[in-house]
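*Asks:* Starting from the given sequences, assemble the full structure and let the hints guide the process.
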Amino acid sequence: MYFAALLARTEDGWEASDTELDDVETLSDLADLAREASPDEDTVLVLIEQEDSWFGVVRIDGEEDPRIFVSDASAAARSSYGEILLTDELLGRDPGDADDLDALDLDGTEDGDAEDDDTDDTAGAGSSGPAEAVPHGPVGDAGILDDLGVGEKELRSLSSDALTEIAESLGASEVLETVR
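The letter at position 48 of the sequence shown is residue 48 when you use my numbering, and the numbering goes up by one with no holes.
Be a bit skeptical, because a hint or two may be false.
Label-pair ranges, simulated between beta-carbon atoms [stated by the list, open to error]:
| # | residue 1 | residue 2 | range |
| --- | --- | --- | --- |
| 1 | R78 | E11 | 35 to 43 Å |
| 2 | D94 | D161 | 32 to 40 Å |
| 3 | R93 | E11 | 19 to 27 Å |
| 4 | D23 | E89 | 19 to 27 Å |
| 5 | R93 | D12 | 39 to 47 Å |
| 6 | A133 | V179 | 31 to 39 Å |
| 7 | Y2 | D32 | 18 to 26 Å |
| 8 | P135 | P39 | 34 to 42 Å |
| 9 | R78 | E168 | 27 to 35 Å |
| 10 | R78 | D22 | 17 to 25 Å |
| 11 | E11 | A133 | 41 to 49 Å |
| 12 | E11 | E64 | 13 to 21 Å |
It should be emphasised that the hints constitute simulated quantities derived from the structure, not laboratory data.
Even for Gly, the Cβ is constructed at its ideal location relative to N, Cα and C.
*Replies:* See below:
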């Protein structure tokens, strides 16, 4: 089960709203959605959680590029919402790497070793892929919430009810609970 919410910082404190991610296909779409929540270009946090599996925080400060933290990249990679957050840049890949490799027809005989032809079919050219390049554990900007009172060490150590703990540290637990 997923939960996603927007927390927008205003002059009066934090305002929360739940959000539907069904129409969000890219990080850019998500950033646009977050910017709409704060007409004054204040800080907006997008909090996404898949129960007991992973959580992600996307921080939008005005027109700046989104900053992202994902608690477990490999778990998020198996999620449609997680895939939005796991950009090539976040994972340290060149944007064209996966496409270039997918376009090649590699059947294992390129190195001239024709003896292994019978094992090539069972291994399959698609057995390795982008998911293999996704690390286990946290990725992204662990200092994303430093100036808001949640340090890097604390963020990396959060687990099962991470979004509630983040909201408590921000002083926004009550507003987050209203949208849960």
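*Asks:* Now, for every hint given, state plainly whether the structure supports it.
*Replies:* Cross-check of the supplied hints:
1. At roughly 40 Å, the beta carbons of R78 and E11 sit within the given window of 35 to 43 Å.
2. Range check, D94 to D161: about 36 Å between beta-carbon atoms, so the 32 to 40 Å window is met.
3. Between R93 and E11 the beta carbons are some 40 Å apart, a value that contradicts the proposed interval 19 to 27 Å.
4. The hinted window of 19 to 27 Å between D23 and E89 holds, with their beta carbons roughly 23 Å apart.
5. A hinted range of 39 to 47 Å holds for the C-beta pair R93 and D12, which are about 41 Å apart.
6. Under the hint 31 to 39 Å, the C-beta atoms of A133 and V179, about 34 Å apart, fit the expected range.
7. Against the hinted window of 18 to 26 Å, the Cβ-Cβ separation of Y2 and D32 comes to about 20 Å, which satisfies the hint.
8. Distance hint check: the CB atoms of P135 and P39 are about 37 Å apart, consistent with the given range 34 to 42 Å.
9. Separation of R78 from E168 is about 28 Å and conforms to the stated range, judged on CB atoms against 27 to 35 Å.
10. One distance hint, 17 to 25 Å for the beta-carbon pair R78 and D22, holds here, with the actual separation near 18 Å.
11. At roughly 43 Å, the beta-carbon separation of E11 and A133 lies within the given 41 to 49 Å, and the hint holds.
12. At roughly 20 Å, the beta carbons of E11 and E64 sit within the given window of 13 to 21 Å.
The structure fails hint 3 only (numbered hints given earlier).
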